[in-house]
Amino acid sequence: MSVNKLTGGLSLRQLRPAIVISTLGLSFFAIITWYPLVFMVATSLKTRDQFFQNFWGFTYPFDWQNYVDVWPRAFQGIQNSLLYSSLTLVLTLIFSLLGGYAFGRFNFAGKNFIFLAILMLLMVPGIVTIVPLFVLVRQLGIMNSWAALVLPWTGFEMVFGIFLMRLFFEKLPHELFDAARVEGAGELKVLFFVAIPLALPGLGSVAILDILFTWNDLVWPLVTMSDQANLPAGPMAMLFRGSENVDYGAIFAAYVTLSAPLVILFTFFTRQFLRGIEGI
Amino acid sequence: MKAVTNHEAAKATKTSLNSLLHRHLPWVLLSPILLHLLIFRYIPTLYAFFYSFTDWDGIRIRRFLGLRNFTDLFSDYVFLEGLKNMAIYTSIRVILILSFAFIAAEMVISFKNANIRTFWKIVFVIPMIVPLAVNYLLWGFILSPQGGMLNSLLEVIGLAEMARPWLGTSATALLSITFIQFPFVSGLAFLVFVSALEGIPADVIDACKVEGCGRLRRIIAVDFPMLRGSMIFVGVLVTLQGIQTVEPQLILTKGGPGIATESPGWFVYRAAFQYGEFGLAAAAGVVMVLVGLVFSFYVVRARYKGAYDVGQ
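Residue numbers (this note's numbering), protein chains in the order written: chain A, 1 to 280; chain B, 1001 to 1312.
In case anyone wonders, no lab produced these hints; they're calculated from the structure.
Computed from a predicted model, the values in this text were never measured in an experiment.
Zero decoy hints are in this set.
Residues from chain A that keep clear of chain B, each with C-beta distances beyond 10 Å, as calculated:
{"#": "1", "residue": "59"}
{"#": "2", "residue": "71"}
{"#": "3", "residue": "79"}
{"#": "4", "residue": "87"}
{"#": "5", "residue": "113"}
{"#": "6", "residue": "145"}
{"#": "7", "residue": "163"}
{"#": "8", "residue": "171"}
{"#": "9", "residue": "174"}
{"#": "10", "residue": "183"}
{"#": "11", "residue": "197"}
{"#": "12", "residue": "198"}
{"#": "13", "residue": "204"}
{"#": "14", "residue": "247"}
Far from chain B, by Cβ distances over 10 Å, these chain A residues were calculated:
{"#": "15", "residue": "50"}
{"#": "16", "residue": "68"}
{"#": "17", "residue": "83"}
{"#": "18", "residue": "86"}
{"#": "19", "residue": "141"}
{"#": "20", "residue": "144"}
{"#": "21", "residue": "146"}
{"#": "22", "residue": "196"}
{"#": "23", "residue": "200"}
{"#": "24", "residue": "250"}
Just the calculated beta-carbon pair ranges, DEER-fashion:
{"#": "25", "chain 1": "A", "residue 1": "113", "chain 2": "B", "residue 2": "1057", "range": "34 to 42 Å"}
{"#": "26", "chain 1": "B", "residue 1": "1217", "chain 2": "A", "residue 2": "275", "range": "25 to 33 Å"}
{"#": "27", "chain 1": "B", "residue 1": "1059", "chain 2": "A", "residue 2": "201", "range": "42 to 50 Å"}
{"#": "28", "chain 1": "A", "residue 1": "20", "chain 2": "B", "residue 2": "1210", "range": "19 to 27 Å"}
{"#": "29", "chain 1": "B", "residue 1": "1067", "chain 2": "A", "residue 2": "68", "range": "51 to 59 Å"}
Beta carbons are placed, not taken as given, at the ideal position from N, Cα and C, and that holds for glycine.
Isolated chain A (complex conformation) (with noise of 0.2 Å):
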């Protein structure tokens, strides 16, 4: 019985070594990935002394003065982060559909060559663009607001966006397009009533990578935003860490309270989440 719940119900004749070596193989990769976040969330929940006490298990009960203490300066990162990203992923949604709806759906003199133009793009990494990048954003006056961010974000995000949006929308059957314009259906109709509802798991695909990406970008906050409120989750981590004495209770709860948002978020939509990845 026990060996059956343990094997997904599965009988003991089909519980063959490759089940057992998986089961365990990932079992270990599981804790060690895993192990670290638990700790976290253990450790956030310490006082100082029952970190001495308790190395590397929860301690009784809760302390939950860590997160009260971190609070209102964890917020503000948060507060920035979702201003951040959900303008920059309405950007990259809008231009990723409407490229890729020309590009797929379209010929045209030079698409091939402006396809490729845009396409190149992706082999010049931020690093390269990022003084120049500095200087532009600072000249046109947007420095430490959220435009420094976005703009540039939204132009980085885009070019695999509408590379992924081309080849999703030319894997569309024709008929689906025919159909609408033969009942008399204007272009703009044909691009709100058909192209966008069908590309909707495309766009699941572009909105998954554009979030992690202005989730997890870390130089080019830190470069752009002077004034260290104005800073996302991410970057704002790094300021709870030794700036008074090593407390790591209210350390670790910051960086609890600074994952905690999309973490929640893509435990909802997990299984959006594989299939948008699988269609990368």
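With chain A's structure known, arrange chain B on it following the hints.
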């Protein structure tokens, strides 16, 4: 009567407008995209190349230097050390990430039950979403000398004499940042491999079974060749990331101790934003893009030399 003509005229203009729109729609759709890319991608890229030939403080160009920045870079032992570290860091990580992700993907595939597969995917997807900065900071704690998790673990299992300040010793610092995120399963590589393995047509595997091939034979004879495209794809991504690496330096080591963990990305960051040497920083960036281009050229060529991939 008049109303009808009006109506028909309106219809005619509408259709001609529509056909006009149809003819030019791609350009209407693409123009905001091209404008945005021009401002935020193409012009900065051209400027990066242009400024790499100048002595530039970010406000005005002091002098035109020709190739001086480049000769300076290649006689700067800090930059050269960075290039060497980059090569070591990137090649080790490509091997580690590809192998661990592939092994884990094979393990997931050995379950026939779709729910069990999904369970394991979810287990490794969720840690992926923890912000990169938090991830590195956490690894900083794992590797830290006092009360760090690795040293404490060594103490618990009776290997206390092996404990050391992993990031603070020249001998171990580079290798330590290379092993950050061990066991590398929680990432894009793993998910790409799993979905590529799931995409192998059943008849190929059946044919293999009829031939009587076991698990290991199947991995070597079927999975490896079928996954070649995905491997190259992931390998390119990891390599390009490795070439640009700056996060471990920025968050953990500052390129030290000494110059033990210098990297070209960190060199660019410091040259520009600490020393105001924007021209030199631009030149270092150009060197990095050239390294990346040479690499991706070889990989793309290898990809088109008869690589076959089911996943894409």
